[in-house]
Amino acid sequence: MNAKTRIAAVGTVAASAVLVLSAPAFAHVSVSPEGEAAKGGYAVVNFKVPNEMDDASTTKLEVSFPTDHPLASVMTEPVPGWKAKVTKTKLDKPLDMHGKKIDEAVSKVTWTADGKGIEPGTFQKFPVSMGQLPEDADQLVFKAVQTYDNKEVVRWIEPQQKGQEEPEHPAPALELTAASDDHHGGGSADAAKSDAKGSSSESASADSDSSDTTARVLGIVGIVVGAAGVAFGVLAGRRRTAG
1 MNAKTRIAAV GTVAASAVLV LSAPAFAHVS VSPEGEAAKG GYAVVNFKVP
51 NEMDDASTTK LEVSFPTDHP LASVMTEPVP GWKAKVTKTK LDKPLDMHGK
101 KIDEAVSKVT WTADGKGIEP GTFQKFPVSM GQLPEDADQL VFKAVQTYDN
151 KEVVRWIEPQ QKGQEEPEHP APALELTAAS DDHHGGGSAD AAKSDAKGSS
201 SESASADSDS SDTTARVLGI VGIVVGAAGV AFGVLAGRRR TAG
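Numbers 1 to 243, taken from our numbering, label the letters of the sequence shown in order.
Just to be clear, a hint being listed does not mean it is correct.
Dumping the calculated SDA-like pairs for lysine to any residue here, alpha-carbon to alpha-carbon at most 20 Å [unchecked claim]:
1. Lys-48 with Asp-136
2. Lys-108 with Asn-150
3. Lys-125 with Val-141
Now the in silico label distances, taken between C-beta atoms and shown as ranges [claimed, not checked]:
4. Asp-103 with Val-154: 31 to 37 Å
5. Ile-157 with Glu-104: 30 to 36 Å
6. Asp-96 with Ile-157: 17 to 23 Å
7. Lys-48 with Glu-165: 34 to 40 Å
8. Asp-103 with Glu-175: 24 to 30 Å
9. Gly-81 with Val-154: 17 to 23 Å
10. Ala-84 with Glu-36: 20 to 26 Å
If you are wondering where the hints come from, they were derived from the structure by calculation, not from laboratory data.
From the three backbone atoms N, C-alpha and C, an ideal C-beta is built for every residue, glycine too.
Turn these sequences into a full structure, and let the hints steer you where they fit.
Right, here's the structure in full:
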């Protein structure tokens, strides 16, 4: 085995070790926003559910919503092969939303498979629109219960303690960002950013096209000048010979 082969083999083993060590960190139920989840606003988030078993499929997911920061508005997006049920409970202290008193909030969302569910080696995302997000919290913690068709149940309900290692079955946690001017999810800001990005891209594209055109023109001019120089040299040589 030569040096290059040994280096390649060591690199492959190292990469495999990294993958093996990293895998468990991605093998639990998690929640993440589409874009950002700003305090005081609304957001669309995805509950990502992987199948951790080789011989069973996930057929049910129950997500309990935080009671210390109740959410009055929760809407599920249809997911093919799944039925969603939103459960609400009465609040001890009504919420004030847009000038209206809300006396109930969502306490749980349950998805039940009416097909094959989440089969081994796959995962499924469950999108949810929610709000109004609290302004006095940095994150929202949800407790999730995952049920397989072999009746096994996995409870993702352990909170992550600051400064400590991740628990074996961590509860999904949604990180909240600083409040934005647009409390409806930052749509206008996102659109503005998109337009600005598009304008910047168009400008960059135009500059690139301009640079390419200039380069081509200079290239052609250089060829013409070079050809003229060669022709001048030939003519001069002939004149000297003729003289």
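Numbered hints the structure breaks, given as an ascending list: 1, 2, 5, 6, 7
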